[in-house]
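S.K.: The lines below spell out each chain.
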Amino acid sequence: MQYSVGVLLVTFLGSLAALGVFLFSMSRGLFGAGEAAGRVIFADKEIGLVEEPASATAASEDNLQQVMNRTGHTGEFAVLTPEEADERASLDASSRLPVLIALTGSVAWLVIASVFGLMASIKLHAPDWLTEQAWLTFGRIRPAHLNAVAYGWCSLAGLGVAIWLYPRLLRTPLVGSRTAAAGVVLWLIGVTGGIWAILAGRSAGLEWLEFPWQVDIPLFLGGTLVGVALLRTLQRRTVPHLYVSVWYISAGLLWLPVLLIVAKWPGIHFGVQQAAMNWWFGHNVLGLWFTPLGLAAIYYFLPKVLGKPIHSYHLSLVGFWTLAFFYSQVGGHHLIGGPVPGWLITLSIVQSMMMIVPVVAVGINQHRTAYGHLSALRYSPTLRFIVLGGMMYTLASIQGSMQSLRVVNTTTHFTHFTVAHAHLGLYGFFSLVMFGAMYFVMPRVLDWEWPSSKLISWHFWLVMSGFTVYFVGLSIGGWLQGLYMLDASRPFMDSVLVTQPYLVTRTVGGTLMTLGHLVFAAHFAVMLMRRGTKREGAALLRRPVPTLQPAGAGNVSGVSA
Amino acid sequence: MRLRDGEVSVLKLAIGAMLIMAFAAGALVVLPYFTMRGVPAPEGLVAYNEAQLRGRQSYIANGCIYCHSQQPRDPSVAPDMARGWGRPSVPADYVYDKPHLLGTMRTGPDLFNIAVRQPSRDWHLGHLYQPRAYSPGSIMPAYPFLFERKQGASVAGEVTVTLPPAYAREGERIVATQEALDLVEYLLSLNRSYPVVATPTAP
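Protein chains in written order, with my numbering: chain X, 6 to 566; chain L, 820 to 1022.
Chain L extracted, bound-state conformation:
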């Protein structure tokens, strides 16, 4: 590239821009990579099974992350523990999380320990079908497409949702699809109540 007197060269510009980028990537991507790479899974943390992984995929596909975080904060910062959302999370809690689902929004509550608060499969299925039947004032969308409406007696192997009477319709059964069952399996795996060694937090 031609260089003119007293002028910054295009090459200098490009190198400067790239060095700056490398510096930032080093600090925010590479360093965390090396500091967190060897973190072992806590003893109480179980790897996701197949159904839970499928459910996790459904959690991603339907964008649960846009309203629910998975990162309870320290009591010194926010009353997350007082709300029953669990102890502050540590990097080791996430060793099986690919991709991460930390989230940045709490239109709904944190779900990192939802299985501790709501261990009932029936509750979760009904709540997914119609959140307002269980939680008045909720603005969570209903997910009827995860269920089938059927008539007649139940068939073996089908999971029928038991709705509160006000929301049940005469002669109609709400049957959970495999996707709904997997999703609930995943939600029921969200239990990080095991003890961990606390890592030093930010000043």
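Only chain X is shown next, with the shape it has when bound in the complex:
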């Protein structure tokens, strides 16, 4: 007891001290050039010009520009010269092959994962449905869903977007496009093998680590190849500053292999120690892999679409280091009440609360950047997904911190409430951000517009309404389940029965989400085949060169290549 309180105090003071040292060193300029770095994602005089390749028509992008002229007029003379436009087009072209493979693969896995998820959901209220085959049993479909989402859809989408961002962020064509493409293909092979293994009953048995170690080898090699290509690009960079998105992506690519090696090292983990390791991994793969990739995308696309630098570049760096430091230690809160040493749990709870620091940093930054331009959401699919995704990042993180508190955790632990929370993070935040990023990236990759703005709307409203139903329903059901389980006067079966209507609700929400994904995938496929009405040539890449005039003058022909 004494000992644990001591540990608690030391961790807390240690964390505060680390934060203080960091803020001090940053205020002394030890961590970079400050606000100027926030402008490196724009060309010389580009601030004030929107960029939104996903606006289905040129008119829509003009509307977006006008909104920004009205709400965010900088007074600067905004222009992207034809040379700059050409350069950017060639940067985008340099990463075409690996990005195309990664994003196509991710969409395929999104559809497969959705089907698994929906099946698992139905099985919880129709337990005699599809029970004759072993591979269709709930206990295999459910981990297949999780792994297909995490390592198929999310990781591939994140990798694709990261590969695409690097040349732009570093103003250097991707070095080793084929290396990166080979890496992505290896990753795809790994995921396919892993899902097959789970369905065949060869799971390794640890949550988030179900893939047998054999299939982790192609994943590891694939990630390394992508990392090599990105590192070589990094070495040849021509930008004066490293933008914060580069930090996030680079760190994520360094962290993931360490996580995998430690977690998968055969023969060293045992019993309760393995459980501690399991959740160290399980939470870090979220916090140090998906979160950095998602935030990197937000930090690029939000300011880029709006044509306006991020509110505070310094704050984004505070967010980066505090995320790394605090998030990496929160895993133990998954074992509250379990047979693990008290100090480990305490440490994790303290750091879970400290997570509020980076979350607030990101939240303020996003909010202050988008503030006043919310009408722009109407004209930009990218923004719509990214801004909402960013909001859900804040929500999911704050909720996560609260859930780590013992009082709350006692109720939510072991219930569907946790499942709903997980979806707020990986779906509400990460997946929405990836949708937004892909709406921006794909027209650049394919030199082709999204064929239909209607389908984009359908996608958006289906997944948003579906997810709302899913999250609200399952959160209520999970909370009731927890209350009933804690009530010793009720039989356990009551906690099962009380969830039933909410599990059906979840299936309804999940069906809508799956439909949304099918719409998205179909739209993606149509675009891939370069079908659909062709408007104004590849209008979004090469508009007629404008006559130079201030963006504030209602310029409707701002080049945005």
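Hints in this document: simulated from the structure, not taken from any laboratory. There may be inaccurate statements among the hints.
To be verified - If you want the footprint, here are the derived chain L segments under chain X, 3+ residues with CB under 8 angstroms:
| hint | stretch |
| --- | --- |
| 1 | 880-892 |
| 2 | 900-913 |
| 3 | 969-983 |
For each residue, glycine too, the CB sits at the ideal point set by N, CA and C.
Please arrange chain L on chain X, whose structure you already have, making use of the hints.
M.R.: Here is chain L on its own, set in the frame of chain X:
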């Protein structure tokens, strides 16, 4: 790597990121490793035999862990003991568990001491074949693929499942496969009712 004036170097970034990771791994992976490494098995805990290990593998393959935990909590936290799930578990209880199966979900009850509550092999076999025949309202999947449907008289060595009359079909026998028998062997080994020295719990 070239360094520019007033800019954080890529190397510094990488080192910082790695130090932080090492710190976290030290706290959550390495320290628990050394503090729990030497924990001896309690006297009453028997190592799994071959059949039980095969059954444990089946428990993993069919994802029982996604609905069942194996970690009864302290009475001060939750009424696990009152539900008959057993005393709070301690690290020593898990010395033979590779991989660990602590679980994070209780769609169904905790199974750390299921053999104490349900010591009957017949009950487990029938319950696996059709949970709702024994536990109305249960949403546990049925596992018919662990059984064979046969006609005629039973052969020596076969284990026929005795189902409640409402679920039995005329002229059909449900015969447990080896996998079902192993799985039940494993479930029947889940008995941690022996005494242990309580370790200090969290404040």
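S.K.: Hints numbered earlier in the text: which of these fail when held up against the supplied structure?
M.R.: Going through the list in order, the structure violates hint 3 alone and respects the others.
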